[in-house]
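Those protein sequence lines, which keep their order, are chains A and B. If you count by our numbering, then the first sequence holds residues 1 to 656, one letter each, in order. If you count by our numbering, then the second sequence holds residues 1001 to 1208, one letter each, in order.
One or more of the hints may lead you astray.
[As the list claims (entries may be wrong)] Straight-line distance between alpha carbons at most 27 angstroms, and here's what the computed DSSO-like set of lysine-lysine pairs gives:
no., chain 1, residue 1, chain 2, residue 2
1, B, K1127, B, K1205
2, A, K517, B, K1136
3, B, K1134, A, K517
4, A, K267, A, K414
5, A, K417, A, K267
[To be verified] Chain B residues, not near chain A, derived (Cβ > 10 angstroms throughout):
no., residue
6, G1042
7, A1070
8, D1091
9, L1095
10, G1097
11, S1122
12, R1201
[Said to hold, decoys possible] Derived Cβ-Cβ restraints for the label pairs, each shown as a range:
no., chain 1, residue 1, chain 2, residue 2, range
13, B, P1159, A, G168, 48 to 56 angstroms
14, A, T367, B, P1159, 19 to 27 angstroms
15, B, D1139, A, A15, 53 to 61 angstroms
Read the hints as simulated data drawn from the structure, not as lab findings. Glycine is no exception: its CB is placed at the ideal position from the N, C-alpha and C atoms.
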Amino acid sequence: MIAELGHFALALAMALALAQSVLPLWGAARGDARLMASGAPLALGMLLACLAAFGALLYVFAVNDTSVAGVVQNSHSAKPMLYKLAGSWGNHEGSMVLWVLILALCGGAVAAFGRRLPSALQARVLGVLGLVAVGFLAFILATSNPFNRVWPPPADGNGLNPVLQDPGLAFHPPLLYLGYVGFAVTFAFAVAALLEGRVDAAWGRWVRPWALAAWAFLTLGIALGSWWAYYELGWGGYWFWDPVENASLLPWLAGTALLHSAIVVEKREALKVWTVLLALLAFALSLLGTFLVRSGVLNSVHAFANDPERGVFILVLLAIYIGGAFALFAWRAPSMAPTGVFAPLSREGGLVLNNLLLCSMAAVVLTGTLWPMFADLLFQQKISVGPPFFNTAILPLAVPLVLAMAAGPLLPWKRAKLWPVLQRLWWAALLAGAALALCFFLAGARIGPALGFGAAAWLIAGAAADIIDRIALFRRPSAALSRARGLPRAAWGAAMAHAGLGVSIAGMAGMGLATDKLVALAPGGSTTLAGYEWRLDQVGDVVGPNWTARRATVTVRRDGATVTIMHPERRFFALARMTTTEAAIHTTWLSDLYLVLGEEEGGRAVLRIHHNPMAPWIWLGAAFMALGGGISLSDRRVRVSAPGAKRATGAAGAPA
Amino acid sequence: MSDIPDTTPKAGTPEPGPASAPGLGRRRALMLAPLGLAVAGGAGFYAMLRGMGTGTYDPRGVPSALVGRAAPPFALPPLEAAGLPAFANTDLAALPGPVLVNFWASWCVPCIIEHPQLMQLSREGVKVLGINYKDKPADAATFLTRHGNPFARLGRDEPGRVAIDWGVYGVPETYLLDRGGIIRWRWAGPVTPEVLEQDIRPLLKRHA
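Next up, chain A with everything else stripped away, as it sits in the complex:
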């Protein structure tokens, strides 16, 4: 019954989305205020219908309704409640419902918080969002209904892949989708601007909060995925350049570029066509990721089940949305006259450099991801592109990006001189040099990590130099505090995000210095690594809700004092006949002690011990970046005013 209601809610959402995609766009074209005003209530109605559908989906998973095919395939009564619920979006059908729900949330936010947008613009944005929703709802209803019944119902479900039963992974997809789908709003704004044939500073101001929110969520989503790989796969690695990881990195790179070029539109009315293109690209790359993961055209661990028919459906949707948007772009963009003159060395120039480097990185990642597939198609060649390619190709782009990142925010608009900027950054350069030298001194001739620590110090000190300069801390110390209070939150947010990247790079550099050791110990035996003494006390059995495990107790001591007691496990999931390793991690924030329990033989247990310096900083830095985005979003200029008129944007409506 509930399942049928959910199915019905999806159909209702489809009908509302259809109306939402036709009426406001038609109204905007004819200048009919009543038709344009229909967009907001339709979007809110569609949101309610999607909430009902998603609620029904959660319900059938929560009560383990085994007459629903999705539950049978992905759930089991003995699973903890969190994973029952997470299982509802841990599969293809359910994740599509979540995808559409988030799209509806974005539409609802534009409807609720965008009342002060010009009505034609709001109508067009809602219309485009409705159009996107129609396509994906049709996809769900036609090929991927999550509420399909099975008869007769089996006694219980098949269970969820144990590797996926993890709190990190439960929240990884929703965050990632908030990012992907958030770019649908900037896409809708770009299409609306092309339809109107007008891009101005106000447009830049309306788009930027959406780009910021989507970017912040995507940053968190990617970081959570990488963190999961680190602690769950039990390797000590955190990024594998897997095609599906790359698919999430591509919109992130384009979104980062968009975020920065929108500033130029807002402040200087320059780079308008380019920014519109980036807004289209960010969503196009999000959709490309969806296609790659779900169509089965690529060979990856993450990919959902192969199904060429679904693939064709998604490809048709992509052709309509991306092809249509690019065709519109080719038609309308040439008539948008370039405006806003600036010297190469200026804030604008710095942001252009940022865009060029980020887009080159995206091109490298896109090429490396798609090349094996196209080589296979065109030349029947089976090749694989791996980390060596990506690392070598990204590094030469990352170095100038990092160098410019600290200097960029210090450049004035229009025209700048390099010397005053360098004067304000000399101590950051000194710190970077010191970090590099210290790394050489402590860790020996390891060029990669040393460069990384230097870059990290440069970025963090550069962000600090930016703030110090803005509040005139040394020039007029007495007024510094009040100036700090008066400083726009966007400036704090930018500094935070830039420093956050520095923190992440420090973590990656630290991981370059990681050490590990493999030992077989009998209970009572001990070994040493990285100045710690590791003693295996015992190995025992434990029973969980849907698994049994062998659990080791290891005491870690340093200089005679106990640092921590760790419990790595090997879990055996009877239902899936799978074993997973649960690494034990003790973090001191400056390093991770990382312990994995291996096989046991002849009374001895194999232990793999890792010492990962700085590892937590990788994800801490990502959290800082997202937080920086959040601080920027809370800027009152973003919330309240727009050039010319008092207008609010959808910033406050960023789906939380």
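We have chain A; now place chain B onto it with these hints.
Frame of chain A; chain B shown alone:
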């Protein structure tokens, strides 16, 4: 994106009005580039999907040209640390039953996912022969100590030559050979529990 499309329509398409017509023409051509790229990419993806339907394109590797033939000749050095015998194609003649040949590496994530299935097969008495692909001996030994050793024999293919002869797409990849040493089946990608039940068990029965 392999083919950057040649979508440069002749510059200077007559455009009534503005004095900067040639400049506008170039702009127009440039603005068509994203559409051209997207169309080329879309056509490529469509060809892939069509190919997946008809069997001419398979992301997990086309059904190997080697199916129905004997394994190409090779002789690989052993992994000393694991204490396993070396592996050469001569070991694939006159077998007591069907065997699996598994290409793997310690750096490959899907290899961890398939490992329990290989362990299970080996416990059940199915002979699993390993080829360690582009890997450091120490890392490979670590992997086996940690996850267990399903292999009856193990050859080290550090340069990846033998993998080329077999037409390996990427690791992990698994072949099933009948007792006469003829390759009967190939699977590119991890041997998941489903692959084990739906493909490997029936094949083992058929070629037993």
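Results for each hint:
1. K1127(B) with K1205(B): Holds. K1127(B) to K1205(B) sits at ~14 angstroms (cutoff 27 angstroms).
2. K517(A) with K1136(B): Satisfied, since the Cα-Cα distance of roughly 15 angstroms is no more than 27 angstroms.
3. K1134(B) with K517(A): Holds, because 21 angstroms separates the two Cα atoms, which is no more than 27 angstroms.
4. K267(A) with K414(A): Holds, at about 11 angstroms.
5. K417(A) with K267(A): holds, 20 angstroms
6. G1042: G1042(B) not clear of chain A: closest Cβ-Cβ about 5 angstroms, inside 10 angstroms.
7. A1070: Nearest chain A Cβ is 21 angstroms from A1070(B), so the label holds.
8. D1091: holds, 26 angstroms
9. L1095: holds, 27 angstroms
10. G1097: holds, 23 angstroms
11. S1122: Non-interface label on S1122(B) holds, nearest chain A Cβ at 13 angstroms vs cutoff 10 angstroms.
12. R1201: R1201(B) is indeed farther than 10 angstroms from all Cβ atoms of chain A, at 13 angstroms.
13. P1159(B) with G168(A): 48 to 56 angstroms: violated, 38 angstroms
14. T367(A) with P1159(B): 19 to 27 angstroms: holds, 26 angstroms
15. D1139(B) with A15(A): 53 to 61 angstroms: Roughly 57 angstroms apart at Cβ, these two residues keep to the hinted range, so it holds.
This entry does not satisfy hints 6, 13, going by the numbered hints stated previously.
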